[in-house]
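Asker: As they're listed, the protein sequences go chains A, B, C, D, E and F.
Here this note's numbering is used: the first residue of the first sequence is 1, the next is one more, and so on.
Here this note's numbering is used: the first residue of the second sequence is 139, the next is one more, and so on.
Here this note's numbering is used: the first residue of the third sequence is 277, the next is one more, and so on.
Here this note's numbering is used: the first residue of the fourth sequence is 415, the next is one more, and so on.
Here this note's numbering is used: the first residue of the fifth sequence is 553, the next is one more, and so on.
Here this note's numbering is used: the first residue of the sixth sequence is 691, the next is one more, and so on.
Be aware that one or more of the hints could be misleading.
Stated by the list, open to error - Pairs of lysine-lysine residues, derived as DSS-like cross-links and limited to a Cα-Cα distance of at most 30 Å, are as follows: (1) B:Lys253 to D:Lys529; (2) E:Lys667 to F:Lys805; (3) C:Lys391 to E:Lys667; (4) A:Lys115 to D:Lys529; (5) C:Lys391 to F:Lys805; (6) A:Lys115 to B:Lys253.
Derived by calculation from the structure, the hints in this document are not laboratory data.
Number of protein chains: 6
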Amino acid sequence: MYSIGVRDHIMIAHSFQGAVFGPAQRLHGATYVVDVELRRVALDAHGIVVDIGLAAEALRGVLATLNYRNLDDDGAFAGRNTTTEFLARVVFDRLAERIAAGALGPDSAGLCAMKVTLNESHIAWAAYEGALPAAPVA
Amino acid sequence: MYSIGVRDHIMIAHSFQGAVFGPAQRLHGATYVVDVELRRVALDAHGIVVDIGLAAEALRGVLATLNYRNLDDDGAFAGRNTTTEFLARVVFDRLAERIAAGALGPDSAGLCAMKVTLNESHIAWAAYEGALPAAPVA
Amino acid sequence: MYSIGVRDHIMIAHSFQGAVFGPAQRLHGATYVVDVELRRVALDAHGIVVDIGLAAEALRGVLATLNYRNLDDDGAFAGRNTTTEFLARVVFDRLAERIAAGALGPDSAGLCAMKVTLNESHIAWAAYEGALPAAPVA
Amino acid sequence: MYSIGVRDHIMIAHSFQGAVFGPAQRLHGATYVVDVELRRVALDAHGIVVDIGLAAEALRGVLATLNYRNLDDDGAFAGRNTTTEFLARVVFDRLAERIAAGALGPDSAGLCAMKVTLNESHIAWAAYEGALPAAPVA
Amino acid sequence: MYSIGVRDHIMIAHSFQGAVFGPAQRLHGATYVVDVELRRVALDAHGIVVDIGLAAEALRGVLATLNYRNLDDDGAFAGRNTTTEFLARVVFDRLAERIAAGALGPDSAGLCAMKVTLNESHIAWAAYEGALPAAPVA
Amino acid sequence: MYSIGVRDHIMIAHSFQGAVFGPAQRLHGATYVVDVELRRVALDAHGIVVDIGLAAEALRGVLATLNYRNLDDDGAFAGRNTTTEFLARVVFDRLAERIAAGALGPDSAGLCAMKVTLNESHIAWAAYEGALPAAPVA
Chain A
1 MYSIGVRDHI MIAHSFQGAV FGPAQRLHGA TYVVDVELRR VALDAHGIVV
51 DIGLAAEALR GVLATLNYRN LDDDGAFAGR NTTTEFLARV VFDRLAERIA
101 AGALGPDSAG LCAMKVTLNE SHIAWAAYEG ALPAAPVA
Chain B
139 MYSIGVRDHI MIAHSFQGAV FGPAQRLHGA TYVVDVELRR VALDAHGIVV
189 DIGLAAEALR GVLATLNYRN LDDDGAFAGR NTTTEFLARV VFDRLAERIA
239 AGALGPDSAG LCAMKVTLNE SHIAWAAYEG ALPAAPVA
Chain C
277 MYSIGVRDHI MIAHSFQGAV FGPAQRLHGA TYVVDVELRR VALDAHGIVV
327 DIGLAAEALR GVLATLNYRN LDDDGAFAGR NTTTEFLARV VFDRLAERIA
377 AGALGPDSAG LCAMKVTLNE SHIAWAAYEG ALPAAPVA
Chain D
415 MYSIGVRDHI MIAHSFQGAV FGPAQRLHGA TYVVDVELRR VALDAHGIVV
465 DIGLAAEALR GVLATLNYRN LDDDGAFAGR NTTTEFLARV VFDRLAERIA
515 AGALGPDSAG LCAMKVTLNE SHIAWAAYEG ALPAAPVA
Chain E
553 MYSIGVRDHI MIAHSFQGAV FGPAQRLHGA TYVVDVELRR VALDAHGIVV
603 DIGLAAEALR GVLATLNYRN LDDDGAFAGR NTTTEFLARV VFDRLAERIA
653 AGALGPDSAG LCAMKVTLNE SHIAWAAYEG ALPAAPVA
Chain F
691 MYSIGVRDHI MIAHSFQGAV FGPAQRLHGA TYVVDVELRR VALDAHGIVV
741 DIGLAAEALR GVLATLNYRN LDDDGAFAGR NTTTEFLARV VFDRLAERIA
791 AGALGPDSAG LCAMKVTLNE SHIAWAAYEG ALPAAPVA
């Protein structure tokens with residue numbers, strides 16, 4: 001099994017609902033350093049898992065929908081806690097959708113899995129991983 | 139599959155038995171930067187894998203049983219080499235026991251796997267991973 | 277010249293005024309991984325620059341005044357852009373004040389300089405450094 | 415499941431064939447920081463996954479066949495793009511061959527899997543993983 | 553004293569002349585992860601050392617003159633060993649020239665020093681630092 | 691001003707005397723990831739600060755005098771707390787002595803300063819820096 005990884009980041013504001021979050025119930029923020037891993041059983045004709053330039057560009061496109069925003073104001077997340085693990089899933093779903101739409105090129109049909117990790121500090125991170133092509137998001 | 143990770147560290151002394159260990163047969167020591175990964179199929183009602191504050195606290199509690207000690211003097215390890223991989227298992231077992239006892243709260247029953255990694259330098263590490271709930275340690 | 281360093285972090289929300297900030301004019305946030313370096317010409321009687329436990333505790337105390345907050349709502353920063361470099365100075369000033377008040381113990385009078393670095397992502401950081409004891413903040 | 419990891423690096427030159435590579439079609443180079451992970455169900459009699467000194471030595475031996483070279487001149491890679499993922503496989507195959515030949519000692523028969531990761535920058539990496547003993551390379 | 557830092561990278565091929573370089577006399581290559589630090593006594597009216605977006609863009613422009621190239625073929629370096637420390641100076645000089653030409657905006661006249669670090673692996677790096685405005689390169 | 695850096699590590703046991711050290715008064719240990727920085731005003735005839743291979747070898751030689759040992763048993767440190775900052779100075783002095791004795795080659799006379807940093811965990815480090823040639827250790 002082959003895999004490749006690319007890294008980018010976002011800086012967002014948000015707050016959480018629920019006593020379990022303690023002081024994080026207040027409006028605060030985070031830098032998420034985002035790692036995306038793409039997996040494939042065999043390399044394509046060029047000897048790659050996928051065009052890493054296209055992967056980085058697709059990731060940047062997805063992150064632009066979140067970056068420099070207060071996620072509490074985003075209707076897509078109404079009534080949800082935008083926790084690190086929840087956002088890892090959001091990035092996964094949005095990137096999977098772009099991949100399904102061809103953003104990584106014709107050879108990317110061979111991709112079989114993806115993992116999205118959001119590093120929120122030097123001591124904490126969260127991730128979501130799943131198969132590709134991903135089931136459509138309800 | 140979702141996962142979250144927390145990081146902490148310990149500083150211990152120990153020595154190893156066996157020619158395979160070369161100079162590490164002498165009494166020496168190590169800083170282990172410890173990463174714990176917890177896995178779960180679906181998020182709980184708060185949108186989290188587990189309360190990361192409780193996870194960090196439980197890890198600190200387990201590490202306190204090892205930290206700032208000469209492991210050669212710890213009866214629990216008599217006759218054993220406290221190698222990095224062995225200690226990863228020790229941390230796994232002790233943390234799994236605390237999780238089973240409810241240290242991560244009522245929702246933590248959904249956790250399905252854990253991985254404990256001990257980074258011993260910038261060029262070497264060891265890990266132990268297994269399912270949760272873990273089988274009781276014999 | 278000796279130095280020691282300790283690391284901690286905060287997660288805050290804020291927005292900036294000025295076209296130079298582009299999308300960062302919107303309410304967003306950041307994780308700042310904070311490194312504090314303390315310098316001293318000669319070690320004290322215990323063979324240390326300063327009690328690293330007290331240094332970490334003092335840093336945590338200073339960071340608690342900023343952590344999990346929307347800095348736009350903090351009167352202390354009214355009319356100011358709470359940029360990374362500005363916040364590095366804020367942490368420096370508040371920590372210098374605690375040091376002057378004895379938070380690092382009696383031997384800490386020997387400290388001659390401090391540097392505070394705020395790492396905001398894997399590709400950007402800012403810092404403020406100055407002499408100790410620091411001139412009182414106007 | 416236990417695992418251990420060791421890290422080393424190589425510095426090579428190469429060029430790629432195919433418009434998908436853009437400017438990387440020109441002769442350029444890379445530092446690859448190489449992480450090798452070895453997996454095993456149970457520890458051996460010494461309490462280890464494998465002799466980490468032998469693992470580091472075997473890795474160094476494999477990397478010496480690539481280090482400080484222009485891979486475009488290496489007949490073993492004629493007609494192939496020596497991409498990061500391709501080279502991860504090369505390191506995997508050559509190391510698996512040494513392991514099969516006994517380079518990690520008699521107890522290493524218990525190893526069940528290996529992953530080789532080549533970190534090419536602070537924002538990109540590729541990896542190859544597979545079972546041990548590996549199928550002979552055609 | 554304030555400072556800010558930005559990070560980018562290049563991937564180049566080159567070879568060295570001189571027995572001191574051992575196997576690095578062969579054509580090989582490197583990834584250089586490049587850190588640029590800019591220093592300033594007081595913040596500008598926006599509360600910044602310099603527009604970090606312009607700094608990153610200027611750095612990318614300078615690195616584009618080196619990236620994905622065989623430096624042995626670059627006439628600018630004829631008869632010189634393009635060592636890590638030498639290249640740190642090249643980046644410094646070219647970036648200083650852009651800064652002097654206004655690439656970082658009108659307020660950047662307040663910059664007093666710059667340091668360029670090229671990280672060539674997880675265990676080695678080189679840097680060049682100097683005052684700003686820099687003396688013209690002979 | 692040019693600088694180069696090399697990294698290596700040691701794993702030692704020790705204990706501290708003095709209530710200020712709390713639980714670190716017990717016999718424990720540490721991994722120190724050691725960074726050595728060497729500074730020079732102008733490059734030598736080869737375009738380098740110093741032969742980085744010789745620098746790494748000299749560092750390894752110095753670290754071998756400490757590695758895999760219980761420093762409490764080392765007569766050279768009798769009556770002293772082998773704190774991180776103290777050990778940074780020990781490495782500095784021993785390396786300076788080797789440099790003075792020619793370990794880095796004839797051109798190394800141009801070196802003007804050295805900094806030795808011991809990273810003891812992901813959240814703490816200490817360093818010692820001074821001019822070269824260093825004054826003889828009393």
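Asker: Take the hints in turn and mark each one as holding or not.
Answerer: How the hints compare with the structure:
1. B:Lys253 to D:Lys529: Holds: lysine 253 (chain B) and lysine 529 (chain D) sit about 16 Å apart, inside 30 Å.
2. E:Lys667 to F:Lys805: At roughly 16 Å apart (the allowed maximum being 30 Å), lysine 805 (chain F) and lysine 667 (chain E) satisfy the hint.
3. C:Lys391 to E:Lys667: Cα-Cα ~16 Å, so holds.
4. A:Lys115 to D:Lys529: holds, 16 Å
5. C:Lys391 to F:Lys805: Holds, at roughly 16 Å.
6. A:Lys115 to B:Lys253: holds, 16 Å
Every hint from the earlier list agrees with this structure, and none is contradicted.
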